[in-house]
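**Q** From first to last, the protein sequence lines are chains A and B. Sequence positions in the first sequence follow our numbering and run 1 to 754. Sequence positions in the second sequence follow our numbering and run 1 to 754.
Note that these hints are calculated values from the structure, not bench results. Among these hints, one or two may not hold up.
[Said to hold, decoys possible] What the simulated footprint calls covered on chain A by chain B, stretch by stretch (three residues with Cβ under 8 Å from a Cβ of chain B suffice, anywhere in the stretch; the number is not a length): (1) 18-28; (2) 220-233; (3) 249-261; (4) 466-478; (5) 503-514; (6) 517-531; (7) 592-604.
[As the list claims (entries may be wrong)] Computed cross-link-like contacts, DSS-like style, restricted to lysine-lysine with a CA-CA straight-line distance of at most 27 Å: (8) A/Lys412 x A/Lys436; (9) B/Lys195 x B/Lys314; (10) B/Lys558 x B/Lys586; (11) B/Lys397 x B/Lys753; (12) A/Lys752 x A/Lys624; (13) B/Lys86 x A/Lys586; (14) A/Lys86 x B/Lys586; (15) A/Lys436 x A/Lys397; (16) B/Lys174 x B/Lys84; (17) B/Lys436 x B/Lys446; (18) B/Lys67 x B/Lys136; (19) B/Lys558 x B/Lys576; (20) A/Lys174 x A/Lys109; (21) B/Lys586 x A/Lys84; (22) A/Lys586 x B/Lys84; (23) B/Lys285 x A/Lys26; (24) A/Lys446 x A/Lys624; (25) B/Lys26 x A/Lys285.
Ideal Cβ positions, reconstructed from N, Cα and C, are used throughout, including at glycine.
Protein chains: 2
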Amino acid sequence: MASSTGDNKKYKVIGTRPIRHDGADKVTGRAIYGSDVRLNGAVHGKILRSPHAHAQIKSIDTSAAEKLPGVCAVATGADFPDLKDKIANLGEGAVNLAHLSANVLAHRKVLYKGHAVAAVAATNPHVAEEALKLIKVEYEPLESVTWVLDAMRAGAPLLHDNVVTNSMGKKADKPSNVPTHIHFEMGKVDEAFAKADIVIEREYKTASVHQGYIEPHVATALWNEDGHLTLWTSTQGSFTARQQTAELLQIPISRVTVVPCEIGGGFGGKIAVYLEHVAAMLSRKCGRPVKMTMNRDEVFEGTGPTPGSFVRVKLGATKTGQLVAGEAYLAYDAGAFPGGMIGPGCMCVFSCYEIPNARVDGYDVLANKPKTQAYRAPGATQAAFACESMMDELAEKLGIDPIELRLRNAAKEGTRRVDGPTYPRVGFIETLQAAKASEHWKSPLKGPHRGRGIASGYWFNIGLKSSAAGNVNPDGTVSLIEGSTDIGGTRTSVAMQLAETLGIAAEEVMPRVADTDGVGYTDVTGGSRVTFATGLAAYEVGLDIRRQMTERAALVFKCDPAAVECVDGMYKANGKSLTFRELAGKLGQTGGPVVGRAAVDPEGPSNGFGTHIVDVEVDPETAKVTILRYTVIQDAGRAIHPSYVEGQMQGGAVQGIGWALNEEYVFDDQGRMQNPNYLDYRMPTALDVPMIETIIVEVPNPAHPYGVRGVGETPIVAPPAAIAAAIYKATGVRARELPISPPRLWAAMAAKKP
Amino acid sequence: MASSTGDNKKYKVIGTRPIRHDGADKVTGRAIYGSDVRLNGAVHGKILRSPHAHAQIKSIDTSAAEKLPGVCAVATGADFPDLKDKIANLGEGAVNLAHLSANVLAHRKVLYKGHAVAAVAATNPHVAEEALKLIKVEYEPLESVTWVLDAMRAGAPLLHDNVVTNSMGKKADKPSNVPTHIHFEMGKVDEAFAKADIVIEREYKTASVHQGYIEPHVATALWNEDGHLTLWTSTQGSFTARQQTAELLQIPISRVTVVPCEIGGGFGGKIAVYLEHVAAMLSRKCGRPVKMTMNRDEVFEGTGPTPGSFVRVKLGATKTGQLVAGEAYLAYDAGAFPGGMIGPGCMCVFSCYEIPNARVDGYDVLANKPKTQAYRAPGATQAAFACESMMDELAEKLGIDPIELRLRNAAKEGTRRVDGPTYPRVGFIETLQAAKASEHWKSPLKGPHRGRGIASGYWFNIGLKSSAAGNVNPDGTVSLIEGSTDIGGTRTSVAMQLAETLGIAAEEVMPRVADTDGVGYTDVTGGSRVTFATGLAAYEVGLDIRRQMTERAALVFKCDPAAVECVDGMYKANGKSLTFRELAGKLGQTGGPVVGRAAVDPEGPSNGFGTHIVDVEVDPETAKVTILRYTVIQDAGRAIHPSYVEGQMQGGAVQGIGWALNEEYVFDDQGRMQNPNYLDYRMPTALDVPMIETIIVEVPNPAHPYGVRGVGETPIVAPPAAIAAAIYKATGVRARELPISPPRLWAAMAAKKP
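All chains should be modelled from the sequences, with the hints used to inform the complete structure.
**A** Pasting the structure below:
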């Protein structure tokens with residue numbers, strides 16, 4: 001179901017639902033994922049991981065492992081360049097390479113259970129595992145800390161006790177677990193609170209959750225005899241993987257080729273490298289291709305979860321529901337190294353509303369957990385859980401409908417966000433209106449122990465760099481070459497924009513995700529950017545091709561190129577006309593092939609808003625929450641391929657449901673994760689969720705020729721707050737800690753009983 | 001050794017000898033050739049071939065083969081579309097698809113021994129071979145003919161007796177084995193002969209020889225469930241293979257992706273498809289990838305040799321050695337289907353000389369041999385063997401030095417060739433002068449049974465279409481994407497032209513040969529065109545990149561782009577300057593990546609001339625000819641990478657030596673080849689030839705920005721005539737039939753003895 005707002009442009013391709021170009025390969029098992037890469041002579045790499053959450057490494061003795069028959073190479077952190085505090089800009093932002101390096105293979109200290117310590121390559125995975133057991137590591141265990149507030153406390157065990165730096169390499173005053181403090185402020189906050197008719201303040205907590213991609217990390221490296229390194233890997237960004245690997249090995253990027261395989265889910269967790277340069281080093285040592293695949297427990301314990309968080313929000317409003325002041329305190333754990341998700345958390349906590357006076361303080365906090373990584377709208381869900389839950393409380397206290405309260409305060413064109421930028425045309429109000437008008441919202445929810453909640457969410461779409469090329473085939477099809485790994489059907493959403501620009505069918509564009517030697521620099525598939533930015537590159541390729549086709553048409557029509565009109569893929573002049581296909585068939589006789597190219601770096605970010613409605617039923621005996629009905633309303637700007645937009649909205653909502661109700665890293669008192677597997681780490685299955693309903697709102701993005709806004713991340717932001725609001729309606733309990741798992745909710749319900 | 005003529009431009013990259021980019025992969029075995037392609041679940045295809053040189057197929061019964069356990073699919077000609085007399089332009093020229101199809105899998109008739117009749121795919125090659133034995137083919141054998149003059153005779157067995165067409169599909173008047181007659185004439189030929197002081201006329205014969213590439217034909221096909229066909233194959237032209245396959249299967253070219261593997265030699269013989277669409281059909285039938293590899297006897301008996309020929313030439317000259325008239329009659333066998341190499345033979349027979357009055361008649365003749373294919377300067381060697389041998393006789397008769405006689409008549413700028421075109425600036429005279437000045441020519445040849453010969457040769461460089469793209473990496477390197485399969489080091493010769501254009505090092509360009517979905521349309525690697533035409537595309541990519549880099553430099557320098565000067569890769573303005581690498585590092589901050597692209601279709605052909613000097617010794621007892629010394633002098637226009645130019649000159653000369661002295665298809669009276677293996681088909685080995693000396697002459701090609709002329713084919717043209725001239729000096733025998741093998745030469749020497 002789609003309700004459209006905004007421009008009335010008629011498109012032929014955009015807005016239709018062609019079958020995805022890679023569909024057959026994916027459903028028949030032909031698509032090449034990382035584990036399908038099998039090079040001749042390849043050997044298998046395995047990683048030894050720390051059993052301690054925090055310890056000094058006194059010594060590592062690999063001699064026995066090296067002697068085991070079948071072992072080809074052994075590597076430890078000592079094999080890699082010492083990167084000190086080198087900072088590199090890796091596309092999405094600056095990264096401290098020493099931290100990146102030490103996270104992938106520990107230097108001197110292990111900082112979390114599962115931290116990689118050494119690696120072995122052997123003729124088969126079993127021999128490699130045997131060899132791991134022969135590596136003798138002498139540890140001096142240290143006290144560990146996993147909860148963010150504990151880590152901030154004076155006297156907490158320090159993760160980095162010698163040189164303390166933040167993610168940007170800036171030295172802090174003294175060693176601490178809080179390398180970064182972010183502060184945003186606008187207006188007169190204290191004055192506004194003093195004048196407010198109503199002020200409420202609440203605290204919220206969230207547990208670490210994992211991105212939970214089905215495909216574990218996998219990489220194959222071949223360090224060739226000429227010094228050239230080729231990597232086949234599951235990554236969200238082949239160029240970022242190339243640069244990270246080159247920097248970690250201190251070799252030129254032109255010595256590295258990254259071949260991005262199909263990716264079995266990433267959600268932000270497959271941007272940082274884990275295996276790539278380790279496999280490369282092992283390959284260099286043994287002269288053979290080295291393949292490394294993580295087990296599920298390695299994924300949980302060794303790769304990036306999203307931060308656990310503590311958030312305190314204070315809101316002040318008038319009696320009529322006008323927000324006048326906001327204050328937020330956010331502490332997010334970064335895991336073992338600085339550079340967590342606190343930045344976007346601070347930017348997003350109040351991003352849905354026009355609050356004239358606001359102050360935000362955010363803290364990036366070190367803890368003995370795997371280094372946190374981006375997870376779908378990183379940092380926004382934790383913040384929205386707090387702010388949106390409070391909007392629900394505020395609405396209740398003021399006796400205003402929660403949609404109406406949001407409408408009265410909704411961010412719109414001209415609203416200034418606390419961190420600085422002022423919104424251009426955005427579609428938040430339209431999502432609220434669509435929610436209000438929706439059949440779901442208007443249908444009464446009947447029955448006991450049931451409740452309906454609503455919440456909104458915001459996320460950016462970053463711009464960043466994309467390149468693309470297009471080659472016109474003599475049969476009128478166009479081969480499109482792009483550098484964005486395809487996670488959510490972007491081959492098709494990008495190809496459709498080229499097709500629309502050229503006036504041909506979606507199926508007549510054949511998209512190809514090239515490796516790093518086959519296409520121009522392209523940033524990661526992340527930040528909801530691909531359909532927006534790589535789509536823009538495809539559009540520009542289309543313009544480049546159209547210009548050249550117009551010149552060819554002029555040759556055929558024997559007229560000036562300026563006299564050739566191009567309408568809907570028809571080239572017309574002097575009363576004659578040629579279709580794109582007809583003209584493509586004449587390229588051989590009019591100067592040869594036509595190839596188009598583009599490289600873009602669009603102004604970002606754009607802005608995506610969504611509103612979610614959820615109906616729940618809570619079992620009064622077990623406190624198990626059942627999602628009865630769920631509707632996602634979101635502004636897609638322009639839905640290029642509505643099915644994939646809906647898919648993103650559904651997928652994000654389901655991940656948000658898991659985060660809200662069940663998912664969490666459970667640590668013991670030694671900082672060891674107790675549930676590193678899918679049996680004990682409870683993600684929603686198809687049985688746990690109803691069909692997620694979707695309403696696409698289209699308020700075109702003025703920064704994109706077709707109005708595209710990224711849609712991939714926004715839908716994970718609202719679910720926890722919406723579900724908490726619904727649970728409150730069903731039970732009277734205001735849940736302020738995620739997950740709202742049965743034991744926790746049951747206890748709260750029990751405490752509330754008279 | 002290189003002697004340079006022409007312009008004095010200073011180049012930094014062009015003319016140097018960097019290590020080839022694919023060198024390490026090739027010497028270490030990492031390069032992926034067709035036989036290295038091993039897809040999961042692949043099965044193996046084999047072909048049943050005709051035991052008869054000429055027969056009607058009465059019936060084919062594949063039922064027993066289909067029942068053999070392990071057999072996955074069986075195909076015959078009946079499985080393929082009936083192409084009637086469909087003509088397709090396949091880049092290098094028009095092709096009769098019905099003939100192409102019937103050559104690859106016989107329809108109704110087999111036309112040569114080894115003609116493919118049916119194909120089987122099975123779980124392993126041995127089962128496939130067993131299955132071939134179970135296919136029952138009922139033949140009605142017919143009389144066969146293999147020698148060109150026999151085939152032309154009235155009453156000769158007709159190969160195509162129902163519909164007779166030439167290669168262009170034009171109907172002939174009545175069934176015959178001579179589908180095409182070419183006639184060129186200029187001036188007043190008969191008058192000129194009548195006035196000539198001297199007229200000589202001679203007849204020459206050459207045997208069929210094979211290109212003799214080391215790597216047999218190999219192809220793997222995967223017909224995917226979505227109808228998309230991917231082919232991994234050893235081909236000289238991935239786009240041509242794509243189009244041939246698509247046409248033969250009658251599917252759109254956009255449904256076919258051809259991945260060109262490294263190629264273990266082609267020399268013209270890997271342009272036509274043999275296995276590709278058969279493997280495709282088997283794959284479609286069984287749903288699995290199908291790999292097919294020929295044995296050596298299949299290569300000899302089933303793929304294209306060069307024509308056997310009969311050539312009669314008549315030359316008229318003045319006493320002072322001025323050529324006044326020429327007449328040539330050429331009959332080349334085309335093999336089993338029309339469309340042999342008679343065209344270029346007719347164009348090349350007099351192409352070295354200015355002969356004001358000339359007439360050429362050429363005949364394309366059907367014979368019961370595999371369809372002939374291009375072989376390095378196709379058709380020119382047979383013609384030059386005749387004309388150049390006669391120039392030697394003429395020089396002797398007139399008492400003029402053979403170089404001097406050639407100099408007096410040498411084609412130069414303004415010379416009109418008998419088939420029409422007038423030469424632009426060419427370098428034939430310069431090669432003759434360099435030969436005359438060479439240490440080899442000036443050194444006396446002493447000893448009995450020894451002789452020195454000289455001959456010249458001409459070949460075109462065709463233009464045709466090439467596309468390329470270049471992506472600037474942040475470290476200042478450039479990834480170059482091209483579509484020309486690399487046979488003779490063209491990755492490097494093309495990359496060097498981009499490097500020169502950008503003012504960077506050859507090693508800073510990383511060339512990649514992409515598949516048909518990864519780069520724009522590019523014609524075959526053939527016609528000595530790649531360094532010329534794809535090099536031109538690389539140059540144009542360089543210009544496109546330079547334009548954009550200049551704009552970026554202007555942003556950095558804060559000036560107008562017009563104020564930025566680009567000299568030797570330095571971008572300068574306002575007294576500031578940036579190297580290409582420095583500027584590349586700033587692309588991320590000045591608008592994003594830079595990608596360049598080009599597609600070219602240069603005016604062709606260009607013209608390449610060479611002169612060869614050879615010293616031989618003939619064993620008086622056995623008539624074995626030993627090559628004592630051999631020098632190739634050739635105009636390269638501009639030698640981009642002199643080592644690879646020299647390699648082409650040496651390789652061509654060695655193939656010419658084999659053709660001159662030993663190589664031949666030996667047929668029995670049933671038209672069956674008696675020597676389809678490398679033991680009995682005698683190619684030169686390293687022990688048979690001395691180090692071939694080379695002198696590169698550089699007369700820049702006015703049609704190319706760096707003056708490039710193609711160099712790959714010219715060097716095979718002169719050797720047989722040069723060797724025959726040397727043998728004459730050593731023995732007094734004028735050999736007029738190739739190969740001048742020991743038995744044939746011995747007989748001639750014996751006949752000559754008093």
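**Q** Please go over all the hints and tell whether each is borne out by the structure.
**A** These are the hints, each one checked on the structure:
no.	hint	result
1	18-28	holds (count 4)
2	220-233	holds (count 5)
3	249-261	holds (count 3)
4	466-478	holds (count 9)
5	503-514	holds (count 4)
6	517-531	holds (count 6)
7	592-604	holds (count 10)
8	A/Lys412 x A/Lys436	18 Å, holds
9	B/Lys195 x B/Lys314	14 Å, holds
10	B/Lys558 x B/Lys586	14 Å, holds
11	B/Lys397 x B/Lys753	22 Å, holds
12	A/Lys752 x A/Lys624	17 Å, holds
13	B/Lys86 x A/Lys586	19 Å, holds
14	A/Lys86 x B/Lys586	19 Å, holds
15	A/Lys436 x A/Lys397	20 Å, holds
16	B/Lys174 x B/Lys84	18 Å, holds
17	B/Lys436 x B/Lys446	18 Å, holds
18	B/Lys67 x B/Lys136	13 Å, holds
19	B/Lys558 x B/Lys576	11 Å, holds
20	A/Lys174 x A/Lys109	19 Å, holds
21	B/Lys586 x A/Lys84	24 Å, holds
22	A/Lys586 x B/Lys84	24 Å, holds
23	B/Lys285 x A/Lys26	21 Å, holds
24	A/Lys446 x A/Lys624	18 Å, holds
25	B/Lys26 x A/Lys285	21 Å, holds
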